[in-house]
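Next come the chains, spelled out residue by residue.
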Amino acid sequence: MKLTEFEGKELFRKYTIPVPKGVLVQKPTQKLTIKLPLVLKAQVFSGERKKGGGIIFAKTVKEIKAGLKKLFNSKINGERVSKVLVEEKISPLKEYYFGFSYDTESRGPVLTLSPQGGSRIGAKPRSGRPRTTIVPFDITLGAEPFIIREALSQARFPSEDFNALVKIIQKLWKLFIDEYALIAEINPLFKTADGEFIAGDAKVILDDEKLNPGERRFIELGGDIAILASGGGASLLNIDALLRFGGKPANYTEYSGNPPAELVKGLTQRVLNRRGLKGCWVIGGTANFTDIYETMRGFIEGLREIKPRPKYPIVIRRDGPRQEEASLMLQEIAKKEGYNFHLFGSEVSMAESAKIMVREAYNRETRDQKAETRKKKR
Amino acid sequence: MAILVDKKTRVLVQGITGHEGSRACAEMLSYGTKVVAGVTPGKKGQKVSGVPVYDTVKEALKKHPEINTSLISVPAAAVQDAATEAIFAGIKLINILAEHVPTRDSAEIVKWARMKGSIVVGPASVGIISPGKGKVGSIGSSTISKVFTRGPIGVVSKSGGMTAEIAVTLTKEKLGQSTVIGIGGDQIIGFDFVDALKLFANDPETKAVVLFGEVGGAYEEQAADFIIREKFKKPVVAIIAGKFTKDLPQGTVLGHAGTIVARGRGGYDSKANAFRRAGVPVAHILDEVPGLLARRLRK
Chain Z
1 MKLTEFEGKE LFRKYTIPVP KGVLVQKPTQ KLTIKLPLVL KAQVFSGERK KGGGIIFAKT
61 VKEIKAGLKK LFNSKINGER VSKVLVEEKI SPLKEYYFGF SYDTESRGPV LTLSPQGGSR
121 IGAKPRSGRP RTTIVPFDIT LGAEPFIIRE ALSQARFPSE DFNALVKIIQ KLWKLFIDEY
181 ALIAEINPLF KTADGEFIAG DAKVILDDEK LNPGERRFIE LGGDIAILAS GGGASLLNID
241 ALLRFGGKPA NYTEYSGNPP AELVKGLTQR VLNRRGLKGC WVIGGTANFT DIYETMRGFI
301 EGLREIKPRP KYPIVIRRDG PRQEEASLML QEIAKKEGYN FHLFGSEVSM AESAKIMVRE
361 AYNRETRDQK AETRKKKR
Chain L
1 MAILVDKKTR VLVQGITGHE GSRACAEMLS YGTKVVAGVT PGKKGQKVSG VPVYDTVKEA
61 LKKHPEINTS LISVPAAAVQ DAATEAIFAG IKLINILAEH VPTRDSAEIV KWARMKGSIV
121 VGPASVGIIS PGKGKVGSIG SSTISKVFTR GPIGVVSKSG GMTAEIAVTL TKEKLGQSTV
181 IGIGGDQIIG FDFVDALKLF ANDPETKAVV LFGEVGGAYE EQAADFIIRE KFKKPVVAII
241 AGKFTKDLPQ GTVLGHAGTI VARGRGGYDS KANAFRRAGV PVAHILDEVP GLLARRLRK
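Protein chains in written order, with the working numbering: chain Z, 1 to 378; chain L, 1 to 299.
Chain L on its own, in the form it takes in the complex (with noise of 0.2 Å):
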């Protein structure tokens, strides 16, 4: 088990054609995921790392029926059309790589996708691996894939760049990890800590979690009332990047688009007092998730 990205996962790239989106598909290819089609508008015909290039997402469909999964890796402008596009499809689970999307489209993207019962990772998520199993998005890319491995936690990330860095240090300590995800570090994303909190609750693979979470918003917080109010069993780490941003005038934007300065709900203290009252470790350097962990998981 794991969660959302496996063996069986089925990758259309909408986008292929683009920088980022080849690489993407060739990275995803050479890790052993099957990449089945792309989508580029006008560029139907040609193929990307020997993969089949279309018009449409239902096109794609009509032609590979076993996909089940879409990376978005289109120009953020671009995205909303892409991600709606691919909700309005079927496609269960739809990962975006993009950055920069406004805020009113992932709203958009967002609400379509729980009407529609689409799972939306992003945006500007690194993407999600299963270490051994399989990965969508640029998320452990070729020699660095050697940092991911197999094993029991689950990692939940609103940076994309720690989600390596986390796995860095969790595999010099002999801790693998089940499922890695890269959330996004917006405002209003698709799939937050507890959608999946919600999601490892049920994976027999994973004994332990890593929250990996930021100033702004309130995601940290819901997280800890989720711990709370649904009895969250397996051990949960955190870390809180941004305790030093205390001192800055409300309303600063800084890191990612979400990183807002705040205080009260939404700053440093809320959310480590939050995490603190589920029982949660706050880890104040990534050095201590390791220890923080083991103990746990001892028990």
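Excised from the complex, chain Z in its bound form (with noise of 0.2 Å):
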């Protein structure tokens, strides 16, 4: 869960990492009692807030208003603003940038810092050098100030910044540890005239796995053939397929492990409930353990709800334990209720059952289908 640059200072202040004096305002008339000069910032998720005229400096109280009125008025990057972080402004000598994530080559977490911060962090570097250093971190060792000298001095910072910033980035080790973070942040780290280190900006990301674990992804795509995909990864291959055979998808969804039942069915009702659906794909790989029975009973009572009655093709091709007897429970309830299924296991590849749900959906062949039936004809 990605949070606000205002949730995220919340969380820095809990860790006593140093944010400046701050408030957020939700309605643009909302009284101010921070002294004057101010920042005003758009509470977006996009990391281009700057460039999309997200962040204002204000000098006086006129400023200010028309400042907020304007940012609760505009789109960052698409997003609509509803909150503004309002901030004292720093005026500072430096920026730093110090942020942790983790990192699949050393496969643990790494710090990436820079003595030349802010929102230039993500620009290519004139010369050869890159701007930042990545340090991978001992997870079971932690945050050593030794180490982190060794990171600062591999970084080239300034010598005399060196036993303020491990103060700080041991808080910021404490809080991607403590709080499950994937990434914990602070591009800009301001140094100010009287020596002072104050973050200027935070950028944290909470590991959903701790906060939701098994929440069920969903993504619109736009197009018109509804998926109901299992698996993680068969799931994306087989959206891939669908693309590559021409059909256009309208959602991205998925269900792994053993899903029960009732979870089949509401993603059902979710992913049929819209109009325009050209066809229906349920689409997923050879099983090793899925209830294939179970699984389609939850497909067959979502789908029972969706009114009108569905006409469109829906192609089914699962297979894995107890497939028989959910092939011909679907056959029978085809032949009962009216639905235009086309049922298949792992004799037809998935990619096959791709080229049919394009094929029955839009009532045209693909390409390679073309080539094949002139090649009959030949």
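You may find that some hints are simply not true.
Stated by the list, open to error - Using C-beta positions, here's what the derived DEER-type ranges look like:
#, chain 1, residue 1, chain 2, residue 2, range
1, Z, F162, L, R263, 30 to 38 Å
2, Z, E347, L, D269, 29 to 37 Å
3, Z, F57, L, P41, 55 to 63 Å
To be verified - So these bits of chain Z aren't anywhere near chain L, every CB distance computed over 10 Å:
#, residue
4, L11
5, K35
6, G67
7, F146
8, K171
What the hints assert, rightly or not - List time: in silico DSS-like cross-link candidates among lysine-lysine, alpha-carbon distance up to 30 Å:
#, chain 1, residue 1, chain 2, residue 2
9, Z, K70, Z, K59
10, L, K44, L, K116
11, L, K246, L, K8
12, Z, K203, L, K92
13, Z, K2, L, K92
14, L, K58, Z, K75
15, Z, K51, L, K92
16, Z, K210, L, K8
Honestly, the hints are just simulated from the structure, not real lab data. Even for Gly, the Cβ is constructed at its ideal location relative to N, Cα and C.
Mind assembling these two chains? They're in different frames, but the hints should get you there.
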């Protein structure tokens, strides 16, 4: 779960990482008591907030009012602004960058850091030297001060800042570990003329597996073939296949493991409750242990809730434990209740069933099928 | 030969009295794999499919010193504790079936395993099967075990569901498998494509390898780099799922926890290009895999 800057800074406060004085504003008329000058920051998730006009500096009360009005009426990279963080403006001498995240190369946490932080961090470096240094951390050892000092030295931070930065990075590490964060980033960390360090921004992503394990993922893809896919990997591969053969997927969703019928029912309703569908593809690989009968029972229960009754073709390709029973049940229901089912097991490959789905949905042949038909005619 | 699992495999099931654990135990036994003990704290003295249950891994090892593999099927929040217990007890192969393990916990398990010299396959691993010799985990249950046939192809897959589908596709074309491994689709995993390639390189039974990858992370790129760097000799064919994610917002997570949409490294093109540079053909659909393998095996 991605946190807004304000939520991230609340966490920073909990771990005593210094942040600017600020208040969260939810409507443009809210009274403010922070000293001028101020910075108004739209609370959106887009990384390119500054470029997108989501940050406004205000020196007078008039500018604050105008700025807030402008932000609340705007969209930053397509995202509507409903909250604005108003903070005292810091005039930094320097801006640093620190972020903890996980890395598949070292298969553990890494600290990414740079003595040149700020919004240019993502930009390509002008010289050959990369802007950031990445240092793997040993999770069983933790953020020992010497490890942090070595990282600072490697990234060429000024010696005078070492001791203060070690303390802040240790706090950031504690947050990263104790909150089960996937990313905990300060960019920029301001250094002021008084030698103080203050976190200008906060980017925190918490681990969904800790917060809501097993949450179903659902993404609208805008097409006209509804998809109920099983398997984390198979679902991706099958959308690729459908697109390859000219199909337009309506959605991405996926159920894995051994889902109860009730879950499949709900997902079926969510996927099929929309207009303009030309087909429904229930697709999965050969299951290792998923009870196919249970899954299909859930699908049928969901399907029965859809009004008017779908007339479009429904292509079902699935195999695994209790496949034969499931297939018999589906055939019977198709006959009795008048559904347009096309049922396949593993004798038809997943990609073949994608072709069949495209042909049935759009009443036309895919490129490959056309080529085959031509061959036969000759 | 085969890798990781064979006739000498002696399994301990941590979480044996749970739903998944007891099912996996029964399935392994019915496949002929020797499950010799189980652990569920507080349930010592019980039996699951005739297998005795103990409170701790140490206790189980004392009674059954032949244990060389542990299957972990405990709730996600208990996985780190269970896996670390197995690592510190000195078990050399640990297969984590449990899903939804927080990334932080996985990172800790992987680090301890490296320091103590254990191999951890998973988390979220469907299991490991060396057809005809043995299996660990939920891979190839009941009637499905017939789709896994003995032969020369090593299979490594981020997706558990795809392991059986790949085996079906290969078996149809008379290409049996030496060992099939579900490595899990999490961001941090204990055993990746490179680890598998290292073992397959020295396995005389394995003549070629199929890798099933997904967008997100850099395990596929690392495998391609390894093939070039180490001049990996055996033919490798890859499939990468998630080409369509190119147009989705960066950072979107779908499918598995490690399937994180990225531009550049981690994205579909980065992986496909890395494999092609390494001389590894990337199949567009699974159906192409047997043909690509057969052509390379004939050479």
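Worksheet entry | Hint numbers not upheld by this structure, sorted from lowest to highest | 11, 12, 13, 14, 15, 16
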